Amino acid sequence: MIGALLRGREAGLVVMILLVVAVVGGLAPRFLDWETLRIVALAVPLVLIGAMGQMMVLVARHVDLSQGSILAFSSIVAGMMFRDLPELPVVAGVAVAILLGAALGLVNGLLVVLFRLPSIIVTLGTLSLYRGLVFLVSDARQVDPQFIPRGLISMSQTSPVLGIPWIVIVAAAVALATWAFLGHSRLGRQIYALGSNPVAAPLRGINVVRVTLLVFTLSGALAGVAGILYASRFGYVNPGITGLGFEFAVIAAVVVGGVSINGGSGTVLGTVLGVLLLGTVSVALPILGVSAFWQDVFNGAVIILALLVDRGLREGGARALRRAGA
Amino acid sequence: MSVAERPDGPAGPRREAARARPGWQVALVRPEAMTLLLLVGAFVVASWLSPFFADATFILSSATFYTEFAIVALVLTLLIIAGEIDLSPAAGMALAACVFGAVAQAGLPIGLAIAAALLAGALMGLLNGVLVLVFGLPSIIVTIGTLTLFRGLAQVLAGDRSIGGFPGWFIGIDWRLWLGIPAPVVIFVVAAALLAAFLGLTVTGRQIHQIGTSPEAARHAGIRVRRIKMGLFVAMGVTAALAGLLAASRLASVRYDLATGGELTMVLMVMLGGTSIFGGRGSILGTFLAAWLLVIIATGMTVANVPVTSQLIVMGLLLIVSIIATNVIYARSQR
Chain A
492 MIGALLRGRE AGLVVMILLV VAVVGGLAPR FLDWETLRIV ALAVPLVLIG AMGQMMVLVA
552 RHVDLSQGSI LAFSSIVAGM MFRDLPELPV VAGVAVAILL GAALGLVNGL LVVLFRLPSI
612 IVTLGTLSLY RGLVFLVSDA RQVDPQFIPR GLISMSQTSP VLGIPWIVIV AAAVALATWA
672 FLGHSRLGRQ IYALGSNPVA APLRGINVVR VTLLVFTLSG ALAGVAGILY ASRFGYVNPG
732 ITGLGFEFAV IAAVVVGGVS INGGSGTVLG TVLGVLLLGT VSVALPILGV SAFWQDVFNG
792 AVIILALLVD RGLREGGARA LRRAGA
Chain B
148 MSVAERPDGP AGPRREAARA RPGWQVALVR PEAMTLLLLV GAFVVASWLS PFFADATFIL
208 SSATFYTEFA IVALVLTLLI IAGEIDLSPA AGMALAACVF GAVAQAGLPI GLAIAAALLA
268 GALMGLLNGV LVLVFGLPSI IVTIGTLTLF RGLAQVLAGD RSIGGFPGWF IGIDWRLWLG
328 IPAPVVIFVV AAALLAAFLG LTVTGRQIHQ IGTSPEAARH AGIRVRRIKM GLFVAMGVTA
388 ALAGLLAASR LASVRYDLAT GGELTMVLMV MLGGTSIFGG RGSILGTFLA AWLLVIIATG
448 MTVANVPVTS QLIVMGLLLI VSIIATNVIY ARSQR
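Residue numbers (the working numbering), protein chains in the order written: chain A, 492 to 817; chain B, 148 to 482.
These are calculated hints, taken from the structure and not from any lab test.
Quick caveat, the model's predicted, so the values are computed rather than measured.
Positions of the beta carbon are idealized from the N, C-alpha and C atoms, including for glycine.
Among these hints, one or two may not hold up.
[Said to hold, decoys possible] Okay, the calculated beta carbon distance ranges per label pair:
| id | chain 1 | residue 1 | chain 2 | residue 2 | range |
| --- | --- | --- | --- | --- | --- |
| 1 | A | A671 | B | P454 | 41 to 51 Å |
| 2 | B | D404 | A | G503 | 29 to 39 Å |
| 3 | A | N688 | B | R374 | 28 to 38 Å |
| 4 | B | G312 | A | A668 | 19 to 29 Å |
| 5 | A | G654 | B | E363 | 51 to 61 Å |
| 6 | A | S782 | B | W322 | 47 to 57 Å |
| 7 | A | G731 | B | T204 | 29 to 39 Å |
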């Protein structure tokens, strides 16, 4: 029954996306163009990769507000390495970015489990702390485009197959891996068990500390991946701008995708569709001549609406369960 | 409040473990004591770093920036004690200020613009309150949504330009002295005194503590939980609007990015003052002291030539350390 509801949620998202495409396409025919598809495809990979991490954190009944700052930190350190050590292979920069992201995520997790603190306050603190570190290590200087390796930038421009750019393929691979991990591995299922009932989880032999550390570390590592892709996509890294507000865009997409704030439920497919829906709309707004200033209004309204829908679904689900039980 | 404060009852055999702690210990395990010690320590360090620091006029004039956040943090203290949170007030400040700017720019009287800003604040608080209390959504996520929404609406109203040209009597409130003290600081001190009296001496104030300790028990005791929380959310909105107006007066212009990141400062003031993030415990005195602590730290860092960007690190660390310390202190005082 609950499975059916969730499937309903995903079908609903597909309908929403088609509706947006149809309405916007009707109003502005140039929206129905391969070019639009390309813009959407380039707009979503960063948020999608962040969303995979945020989703796991939310399923475990936590939240990670520091993703944008982790993205910036990984990105700036990798960028500075490319600048100061030009012979360094791109792979080394990528590895450093991911490892740094994982380390900062691990710090979040350690603060949460060691001191039993609410993750929202811990990550609000580290959001500021990590952003401060970005300014500190970079001396508040931007890494300029000429220092970003060609190979990295071409990931956002060239395509190995069917004209699909590399960064889209990376994002799709991350989503597939998350799907396999969450749905088909012991640890992945334990994340759901922990989020559904944090009291019962240790009684059933789940190592709460390990699972909590894992989700925060993965969220950080994926923010690190997004950091590298940021450098690839935009071709520069700025200590003040890079990743600013990233976490809010990610949380909006994840919540729209049907991941419950109360932990324990949410699917990778739903999250991907949530990211696609918001990505499509963000590309559609300027085409319709709506000022870019409306973007944040839209994101905020979408978070609130998704919360209301989620609440309605949960009440409906609880009623259905009671009926089935009676 | 805390178990340690309660004197031993006369009934029953006295057990060794239940003996009341000496007064100095009771005072020390209160989190405000930590804030006060930090405040004194920060003051000493800052005066040692720079001879220019220990000058009351200088500290008071640099305090006006923080008092805008501090006034909101006072009301936020009540809301967090009641077991809710609001992350949207900094964005609310920006939206209220932009409403003020837009109305003023339309050529309407400034009094009307001020009223419109305050009304906008009340509506923002009401929206948060309705979403949390009527629809039963968690305040933490709701206010992340409204944070984005309010900041976006401010941007729609003001675009990326700044609105200025306000009449002379409205601008420069931070330079106006009441009894020799900058006006925003006076407003902050008076508000702190009034809210401390409200929280400590009135029935509603005590009920706020009860709601945060156990909403269920509070409801069974006949406390109008939803009405009180709704009142607090609306008060948050109006106070944020007031702070937005103070900022507009200080800056003589408004922009949509006014008070960006201010929610961190506000939450930091409340946490640093020893209010428990889990609700039920906390005090206005703590937030009052914490606000001054932040003023001293920020001013001290500026005097010592620490760049503003590194101050982000200090603020983030302080938030995490203060919440850990508060947790440990409360865990100890419960034993």
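Has the hinted range 29 to 39 Å been met by the Cβ atoms of G731 (chain A) and T204 (chain B)? 33 Å, holds
For the range 28 to 38 Å, tell me whether the beta carbons of N688 (chain A) and R374 (chain B) fit it or not. For N688 (chain A) and R374 (chain B) the Cβ distance comes to about 32 Å; the hint holds.
Looking only at beta-carbon atoms, does the pair G654 (chain A), E363 (chain B) fall within the given range of 51 to 61 Å? 59 Å, holds
Pairwise beta carbon distance, A671 (chain A) to P454 (chain B), judged against the given window 41 to 51 Å: Roughly 45 Å apart at Cβ, these two residues keep to the hinted range, so it holds.
Can the suggested window of 29 to 39 Å be confirmed for the beta-carbon pair D404 (chain B) and G503 (chain A)? 35 Å, holds
Distance restraint evaluation - G312 (chain B), A668 (chain A), Cβ atoms, bounds 19 to 29 Å: 56 Å, violated
Taking 47 to 57 Å as the hint, is the beta-carbon distance of S782 (chain A) and W322 (chain B) inside that range? Since S782 (chain A) and W322 (chain B) have Cβ atoms about 36 Å apart, the given range 47 to 57 Å is violated.
When the structure is compared with the earlier hints, violations turn up for hints 4, 6 and for no others.
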